[in-house]
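As they're listed, the protein sequences go chains S and R.
Each residue of the first sequence is one higher than the one before, counting from 1 in my numbering.
Each residue of the second sequence is one higher than the one before, counting from 1 in my numbering.
Because the hints were derived from the structure by calculation, they are not lab data.
Note that this is a predicted model, so its numbers are computed, not measured.
You may find that some hints are simply not true.
[As the list claims (entries may be wrong)] To be clear about the criterion: a stretch of chain R counts as covered by chain S if any three or more of its residues have a C-beta under 8 Å from a C-beta of chain S, and this derived list gives those stretches:
#1 156-163
#2 209-219
#3 227-237
#4 241-249
#5 324-336
[Unchecked claim] In silico contact screen, one side only, chain S against chain R (beta carbon under 7 Å); selected entries:
#6 11
#7 13
#8 14
#9 15
#10 119
#11 124
#12 221
#13 223
#14 229
Yeah, the Cβ is synthetic: ideal placement off N, Cα and C, and Gly gets one too.
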Amino acid sequence: MATFLGINLFGLFGQLLVGLINGSFYALLSLGLAIIFGLLKIINFAQGAMYMLGAFAAWMALDYLGINYWLALILVPLAVGAVGILMERLLIRPIAKEDHLYSLLLTFGIALMLQGTFTHVFGSSGMAYAIPEALQGGFKLPFMYLPAYRAWIVVASILVCGATWWMIEKTRLGAYLRAGTENAQLMQAFGINVPLMVTLTFGFGVGLAGFAGVMAAPVYSVSPDMGSNLLIIVFAIVVIGGMGSIGGAILTGLGMGIVEGLTKYFYPEASSTVIFLVMVIVLLLKPAGLFGKEA
Amino acid sequence: MNTMHKTLLAVAVATTTALAGFAQAGPVSDDKVKIGVLADMGGVYADLCGRGCVTAIEMAVEDFGGTVLGMPIEVVSADDQLKPDVGSAKVRQWVENEQVDAVGGLVSSAVVGAATKVLTDNRKIALISTAASNAFTTSACSPYNVHWTYNVAAVANGTVKPMVQSGKKKWFFITADYAFGHALEEVATEVVKENGGEIVGGVRAPLGTTDFSSYVLQAQASGADVVALANAGGDTVNALKTAAEFGLTQTTDVAGLLVFTPDAQAMDPATAGGMTLTTGFYWDYDDATRAWSKRFKERHGAIPAMGHAGAYSMTMHYLKAIEAAGTDESDAVMAKMKEMKPDDFFARNATLRADGRMVHDMYYVQIKKADERRDADDIFKVIDVIPGDSAYAPMLPECNFVKS
């Protein structure tokens, strides 16, 4: 095996690649959070539950309705997005004018209720969801065996994140969106339906979590607590990237996956805390986050 | 004797008589037998005991007739939320204020460690159905502990020994990084070494790890014959799934050291099929297990995990012991429980040892492949029955509470 300075390079490359794969999930989830916070100033603690909902929806679609993975990849984010839209209209809208803490507590409560309901109905052990046939098998790289599905996760996540970033930062629709959150009254005077835009943005952000859920179903166990395990990490990533920075959330998500991968190689015991350590350091040195503009 | 002394003496005599009279009011304290069920009701271990244990214990009470020595039997339950402080506070409230005589269920070893301390301090009985640690009958043994279904030593012995003896000598561990995982790894390591095998490496993964791929890569690089999963529940399911995805299961054996039926059901038969493990109970073993399991499933909605069957069996034995002892006083009941041989669909060739360990037949089983399964409940094929004496570690002399 190739070694450099006593480090097993093959092992290291393997961990870096695995880190990148995990980072893809972090990027998708933190992107959804960053959009919702950056544009709407809502701290959505239910994002993890929406990710869980996405995975369960994919499982239910296959098990009850025979809808395959590829269709689920399109339908489930729409369905989860619709749940998000209902949530925004019925529950979050009435308290939108209050302090951020209210929406934080509200969404946290929604997350707990969803998780509890799913545990009650489906149990805590989780459901099996097979990898779609077209993505079974894998590639033999010199340093590791890369399952095809894992490669697909990286590709799909980068495509979706890239498209989202482009839409928000580079298109007219995105410009309306950003302007609407800067000065809603002025935008409405120009004839733009800002409340509708807010609802759709929230739905889109939540739909991203649903998409990540479908992506996760074949590789992670589909279980009620899958979202809560990930949510705290994803929040830390959003904080590191800078609250509300779209590009920052994507880059930090991928980057933190790699940092975690490196830690798993050099000192596995710290792998569950390393992201929070980075968060503390970043907050001390640059309180607005790596890509944030204001504190 | 002056007046002062006389008065004191009179008070003392009166109090003693009154107390003795109170204690003799009936054979059963406060005119009922009350059993508490403490379990994780909504967390990661909810399927292993949880509501199912409440159902199983209620079934035992009903099958017993609902009364013992002419007094009603009552069942109360609580969620320990997997937190030792929550669990022990609940148990304290039960035994100190609510006249609970015994506490059953008892899942996470951390919670059970705290709960059994409170029970022993109050001289009340712990009926442990689902906890894995062997500490409750070794380093933390107590005259009031009854450990029924299995423990880490029994499952590790049952699974590891045949594999090492068949020539799979090099072992790698993926271990849950907390007390239970460490205990399981330690016991399994001993068995590997005793049988001439060696440990080529290991990693400790935090409880609730979502992604096991980096650990699987390390296992792959170790050149092990067997990758042992010293974890439980969702961790085992996730680790196995990842091992299959990265092609580890094609070149190496993966051994789940502690797998419950709900976990096995959550695994994809294509990857889990063929894996061997040791369990304290399997619902489809014979007519007696099937008959009870059918009744359980009708009430609970799912086939019983080993902890559920164990909870029923130990409650039955507890109630029979009260009847035989003629009282629900803990010391008398414990003596009777250890004297009588447990014998039902669950406890085969069984004895409750002086240290509180219930030693019974264990089952060495294989997870069925998809084409071997009749339906979703048809998951294990029983390969071998392991006699209790060879599965469980011998009793420690300091834990012999019934010295002859």
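Verdict on chain S covering the stretch 227-237 of chain R, where coverage means 3 or more residues with a C-beta closer than 8 Å: With 3 residues close enough to chain S, the hint holds.
Does the interface hint hold: is residue 119 of chain S within less than 7 Å of chain R, judged Cβ to Cβ? holds (5 Å)
So, residue 223 of chain S near chain R? Judge it on the closest CB pair being under 7 Å. With a closest approach of 6 Å, the residue 223 of chain S hint holds.
Is the hint on residue 14 of chain S kept, meaning its closest Cβ partner in chain R is under 7 Å away? Holds: closest Cβ of chain R sits about 5 Å from residue 14 of chain S, inside 7 Å.
According to a criterion of three or more residues whose C-beta lies within less than 8 Å of a C-beta of chain S, is the stretch 156-163 of chain R covered? violated (count 0)
Minimum beta-carbon distance criterion (7 Å), residue 11 of chain S to chain R: Holds: closest Cβ of chain R sits about 6 Å from residue 11 of chain S, inside 7 Å.
Interface hint status, residue 13 of chain S versus chain R (Cβ within 7 Å): At about 10 Å, which exceeds the 7 Å cut-off, the nearest Cβ of chain R leaves the hint on residue 13 of chain S violated.
With 7 Å as the cut and Cβ atoms as the points, is residue 221 of chain S at the interface with chain R? holds (5 Å)
Does the interface hint hold: is residue 15 of chain S within less than 7 Å of chain R, judged Cβ to Cβ? Check passed: Cβ of residue 15 of chain S comes within 5 Å of chain R, closer than 7 Å.
Minimum Cβ distance from residue 124 of chain S to chain R below 7 Å? At about 4 Å, which falls below the 7 Å cut-off, the nearest Cβ of chain R leaves the hint on residue 124 of chain S intact, so it holds.
Given coverage of the stretch 241-249 of chain R by chain S, checked by CB-CB distance under 8 Å (3 or more): holds (count 5)
Coverage of the stretch 324-336 of chain R by chain S, judged on three or more residues with CB within 8 Å: violated (count 0)
Of the numbered hints given earlier, the model fails hints 1, 5 and 7; all others are met.
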